Amino acid sequence: MKNLVYKIRRYTWLLLLMFLPVLPASANESEGKGEVDVKSIVFGHIGDSYEWHITTWGETHISIPLPVIVMGQDGTWHMFFSSEFHHSPTGEYEGFYVAKGGQFDGKIVEKNAAGAEVRPLDLSITKTAFAIILNSILLCVIILGVSRWSKRNPNQAPKGFVGTMEMFIMDINDNVIKACIGKGYERYSPYLLTVFFFIFFNNLMGLIPIFPGGANVTGNIAITLTLACCTLLAVNLFATKEYWKEIFWPDVPLALKPIMIPIEIVGILTKPFALMIRLFANIMAGHSVILSLVCLVFITATMGQVLNGSMTVLSVFFGIFMNILELLVAYIQAYVFTMLSSVFIGLSLVEHHHEAK
Amino acid sequence: MSLLQPEFGLLFWMLLSFAVVFIILAKFGFPVITKMVEERKQFIDKSLEAAKTANEQLAGIKADGEAMLAEAREEQVRILNEAAAIREKILSEAKVSAQIEAKKQLDEVRLQIQAEKEEAIRDVRRQIAVLSVDIAEKVIRTNLTKDKAQMEMIDRLLDELTVSKS
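Residue numbers (numbering that gives the first Met the number 0), protein chains in the order written: chain A, 0 to 356; chain B, 0 to 165.
Pulled out of the complex, with its shape left as it was, chain A reads as follows (with noise of 0.2 Å):
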């Protein structure tokens, strides 16, 4: 009895908090502002920005400054804080500025002797480039923490939180890359586990919508491009000799070599290119589905009552799906990319066994 007032009382709050947004919204409607530019806030979250926006209230912006460095055309390092930007009243500080429109939208620019927009040398830690170094060490410290306890306690099993560690570890060690590889995976194991581990955490960080999490970093061409730069190497460069043979001269009547060849030597682009492009779309469209959906409810802020409140309502409940959703694809992709440049290694350490025909 007691329980089902307890359920009673949790369901209607959230309820209540389900609405929570429509009250402030309804207030504003009257004052017509202007449209909520939907595509500018989506592509702005799964952009890169030389700051963290945390969030706006009112007129300021609450954002976190990040370093920017940059070389400029004369040949010298120049290294502040992208807030310099907002505190000079032209947005220009040493000659650099971030550019509106144009070419380089968004990025860094400075002008050369003609006058031109041209781009510095730009290695600045951006949003997305500083969440990959704080996930990495929080990576590091998690990864180290569970290895040290083994180290510590020999012949002991793990409980809790270390526990799952290794079972996780130990079931893409075994189940994915030791199917996948085969004879001779120990060599594999701990780059691929590092991938693992290092898209699937970054991937659970760009689910939270706070601060240290919410960057979108494997929704970003360049750091599934690295990764994928990464499994070709692992894949060609321990290659045996009958992969090469099988690309270079295949085992097809002569006529046919021509066309294989060329097609065998694409294959070996397409399989990194594939990993890449997959992991990015699917990060990337998650991101962008959640924010849209939530940008649902700031849109029929202005089509009356109504309409925003029980738009507000599924927008939430799709939300809480779509982010259920991601939580398995988090896992779905980090798993997919993982076993695939396994079997991709697995292919390419073939051992010659034709003459069994």
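If you are wondering where the hints come from, they were derived from the structure by calculation, not from laboratory data.
Owing to the predicted nature of the structure, the values given are computational and were not obtained by experimental measurement.
Do not rely on the hints blindly, as some may be mistaken.
[Stated by the list, open to error] Each pair of labels, with its calculated beta carbon distance range:
(1) L15(B) <-> V117(A): 47 to 55 Å
(2) L47(B) <-> R186(A): 27 to 35 Å
(3) L47(B) <-> I207(A): 38 to 46 Å
(4) I63(A) <-> L15(B): 53 to 61 Å
(5) I262(A) <-> Q4(B): 44 to 52 Å
(6) P257(A) <-> F27(B): 30 to 38 Å
(7) D44(B) <-> V140(A): 30 to 38 Å
The beta carbon of each residue, even a glycine, is placed where N, CA and C say it ideally should be.
Put chain B on the given structure of chain A with help from the hints.
Below, chain B without anything else, positioned relative to chain A:
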């Protein structure tokens, strides 16, 4: 399109941090964990094996103990039986020797009795002879000479009497 253009700065930081993470985790992270798990697995396998052999040994010891117990019980029965047999033997021997002894004593007693009887008979005969001589003297009022020949005659007469009677 900017989404599909990898930023050079981001590539740089990503490569750097991923390389650092990879080096750290590949050196101190995952191999340590997998090695420890492998070692633990071996330890558990070994322990299970040891427990199995210990169990087997225990079962062997139990069986041995039971066999020993059964043997001891058998021995006990055997010893008891033997003891009973020995007792019987001793008893029977004792009985036999007692019987022999008793018989011997009885024989002795019988011989003694015989001797005493004979002695008594002899005494009685002597008395009878004396008495008969005395009676005869009284009858004939004369003293009969108690010489040797007369005594022998009486004896003879007595013998004849007893022989005819028996």
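* To do: Report the numbers of all earlier hints that the structure fails to satisfy, in ascending order.
  => Hints 1, 4, 5 and 6 not satisfied by this model.
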